[in-house]
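**Q** Take a look at the letters that make up each chain.
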Amino acid sequence: MLALVVVFVVGVLAALVSQASGPELLSALRSSETMFALRLSLTLSVAAVLVGSLVGVPAAYFLARREFRGKGVFDTLLDVPLVMPPLVAGVGLLFLLGRGMLGGPLAQWGIHLVLSPWGALIAQTFVATPIVIRSAKAAFESVNPGYEAAAMTLGLSPWKVFVKINLPLAGRSIASGMILAWGRALGEFGATLMVAGATRFRTETLPIAVYLNVSSGQLGVAVACALVLVGTAFFLLLALRLVQHKGHVGL
Amino acid sequence: MSEIEIIGVRNRFLKDVRLRVSEGKTFVIVGPSGAGKTSLLRAIAGLEPHEGTIIVDGREIQRLPPHLREIGYVSQDLDLFPHLTLEGNLIIAMNRLRVTWNRKKQRARELMELLRIVPLAERYPSALSGGEKQRAALARVLASEPKILLLDEPLSKLDFRTARYLRSELLSLLNRLRVTAIFVTHNMEEAREMGDDLAVMTEGTLTHTGSPAELRLTDSCPGDSFLERPNILCPVHKEFSGNGIVKITWAGSRWYVPDEGREFTHVAVSPSRIDIGPKPPQGPSINRFTATVSSVHHSDDSVRLTVHVNGEALRVEITGERAQWLRPVPGDVVHGLVRLTAFEIM
Numbered sequence: 001m002l003a004l005v006v007v008f009v010v011g012v013l014a015a016l017v018s019q020a021s022g023p024e025l026l027s028a029l030r031s032s033e034t035m036f037a038l039r040l041s042l043t044l045s046v047a048a049v050l051v052g053s054l055v056g057v058p059a060a061y062f063l064a065r066r067e068f069r070g071k072g073v074f075d076t077l078l079d080v081p082l083v084m085p086p087l088v089a090g091v092g093l094l095f096l097l098g099r100g101m102l103g104g105p106l107a108q109w110g111i112h113l114v115l116s117p118w119g120a121l122i123a124q125t126f127v128a129t130p131i132v133i134r135s136a137k138a139a140f141e142s143v144n145p146g147y148e149a150a151a152m153t154l155g156l157s158p159w160k161v162f163v164k165i166n167l168p169l170a171g172r173s174i175a176s177g178m179i180l181a182w183g184r185a186l187g188e189f190g191a192t193l194m195v196a197g198a199t200r201f202r203t204e205t206l207p208i209a210v211y212l213n214v215s216s217g218q219l220g221v222a223v224a225c226a227l228v229l230v231g232t233a234f235f236l237l238l239a240l241r242l243v244q245h246k247g248h249v250g251l
Numbered sequence: 001m002s003e004i005e006i007i008g009v010r011n012r013f014l015k016d017v018r019l020r021v022s023e024g025k026t027f028v029i030v031g032p033s034g035a036g037k038t039s040l041l042r043a044i045a046g047l048e049p050h051e052g053t054i055i056v057d058g059r060e061i062q063r064l065p066p067h068l069r070e071i072g073y074v075s076q077d078l079d080l081f082p083h084l085t086l087e088g089n090l091i092i093a094m095n096r097l098r099v100t101w102n103r104k105k106q107r108a109r110e111l112m113e114l115l116r117i118v119p120l121a122e123r124y125p126s127a128l129s130g131g132e133k134q135r136a137a138l139a140r141v142l143a144s145e146p147k148i149l150l151l152d153e154p155l156s157k158l159d160f161r162t163a164r165y166l167r168s169e170l171l172s173l174l175n176r177l178r179v180t181a182i183f184v185t186h187n188m189e190e191a192r193e194m195g196d197d198l199a200v201m202t203e204g205t206l207t208h209t210g211s212p213a214e215l216r217l218t219d220s221c222p223g224d225s226f227l228e229r230p231n232i233l234c235p236v237h238k239e240f241s242g243n244g245i246v247k248i249t250w251a252g253s254r255w256y257v258p259d260e261g262r263e264f265t266h267v268a269v270s271p272s273r274i275d276i277g278p279k280p281p282q283g284p285s286i287n288r289f290t291a292t293v294s295s296v297h298h299s300d301d302s303v304r305l306t307v308h309v310n311g312e313a314l315r316v317e318i319t320g321e322r323a324q325w326l327r328p329v330p331g332d333v334v335h336g337l338v339r340l341t342a343f344e345i346m
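Protein chains in written order, with my numbering: chain A, 1 to 251; chain B, 1 to 346.
If you are wondering where the hints come from, they were derived from the structure by calculation, not from laboratory data. A few of these clues could be false.
Think about it this way: if two alpha-carbon atoms lie no more than 30 Å apart in a straight line, the pair counts; the simulated DSBU-like pairs of lysine-lysine are [as the list claims (entries may be wrong)]:
1) 164(A) - 147(B)
2) 105(B) - 160(A)
3) 160(A) - 104(B)
4) 147(B) - 105(B)
5) 25(B) - 157(B)
6) 104(B) - 25(B)
7) 279(B) - 238(B)
8) 25(B) - 15(B)
9) 147(B) - 15(B)
10) 105(B) - 164(A)
11) 147(B) - 160(A)
12) 25(B) - 147(B)
13) 247(B) - 279(B)
14) 164(A) - 104(B)
15) 147(B) - 157(B)
16) 15(B) - 157(B)
17) 71(A) - 160(A)
18) 104(B) - 147(B)
19) 71(A) - 164(A)
20) 157(B) - 164(A)
Here the structure is a predicted model, which means the values were calculated and not measured.
All chains should be built: construct the whole structure from the sequences, respecting the hints.
**A** Here's what the structure looks like:
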């Protein structure tokens, strides 16, 4: 069984590499299109994770530490983007941001989110944020409330308790969540395609570049972009392991 | 230092608690578990919702959040921050004080010297022993310069010897620093030794308030039903065998106690760690005894017996459940066992 899985994984990787010859792949990797896609993907995914964390970490802290009416409903609602097919999320975002609803008033201010890189950012943030919230909430819940009580009686304000006690103690799990969210944002395709569209050198993230180039038969660039995605995924896995193993001393 | 007055404090677990601790005094609250002792301390510290009035130095503080109350609280778990070194734990506690970083370092050092933990400054809490953690928690709470100090059974998780040693140290520290403190314990001996004033807490309310002398808690007093004094055995003969065991003679029989590589004069064993039954227990015949029950005293959830082993008295505490099955009455002959690890040498 294990062998079958390994063969499958290796087969997929080998199939990817075999599609292009070495020199062809190298020039495709250096092509302006691959470079653009890489730059855009990195910028957008990092921004999406940062925005998601800025909103998600405090929200998770609130969810983990406070009791309020309708918390269960709220909690479930936050999980919806996790199980929603990206394509469906994209369609929903498209309608929400399109001319019918928010798009109209925003257009009067000269802001066009749909079919622009901003749309891609929103799509990626939409899928990345719940992942950050989930892991951060679990992380905060695992911090012994006794530390918080001790810190408060020692004179630390709620904000300082959050920054100096809870955040460091939950930090590693939050970082893991951020890495997973980053991976998810980087590979995000369905929702991005719906909201931002697939326009070369405009909304062309790495997954969109793979899609565009496979459809137009330019396999070199497609494979190059796919391999860059695979390489990044490996890097993320490595980072995740590092985060989860490091710093057990003293905890 | 300051004084504190508590008037009509109540919540889910507390019923109209009132008490007053004057400047520099230690007020000890004794009571069985579940009596509301921890709840009272948490309410005073602002960690648990409550009604009623709390006055520190003439100022009402019951509406203030915990970080503005200036009340230091050491919980039973101590709650040293695991991500900070001992020194880091002390420095973060000085957050409220408007002093420079160097002054904080210096003060942390002074407190560590006071509690004799300077060599442990760079250690994380996970690398400290029970007694060291205790001192660290005390140093940390003192670092925050609280007006009132609340101590929740600070010695309960330590072994008997360390607890006894630390108790006298804590007592002299509180006296020297003139700290106003409320100290919670379920150990009567500890209460008598530590308290300027003493109160018994049962079912969320304080009864029997007074000085230890006024409050002569004899065996008939309600406060004594949770007494946890250990049996102190004075062996007539000791034989160091060199394999981790010391053979002692007490009450005319041989007992095996742990060898900690040092001389000792007494051996302690907690009443609750002595097993008794109607038949001789199975297994090797080490640390077994046969005794006659001389008194039986029922309390809420346990039964306390005094048994005599060859003329020497031994206090034994068994759970209510076990007592239902054993049904001991004075005059019964019982068989018992004290495990090697239940003994503590002193």
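**Q** Failing hints, ascending?
**A** none
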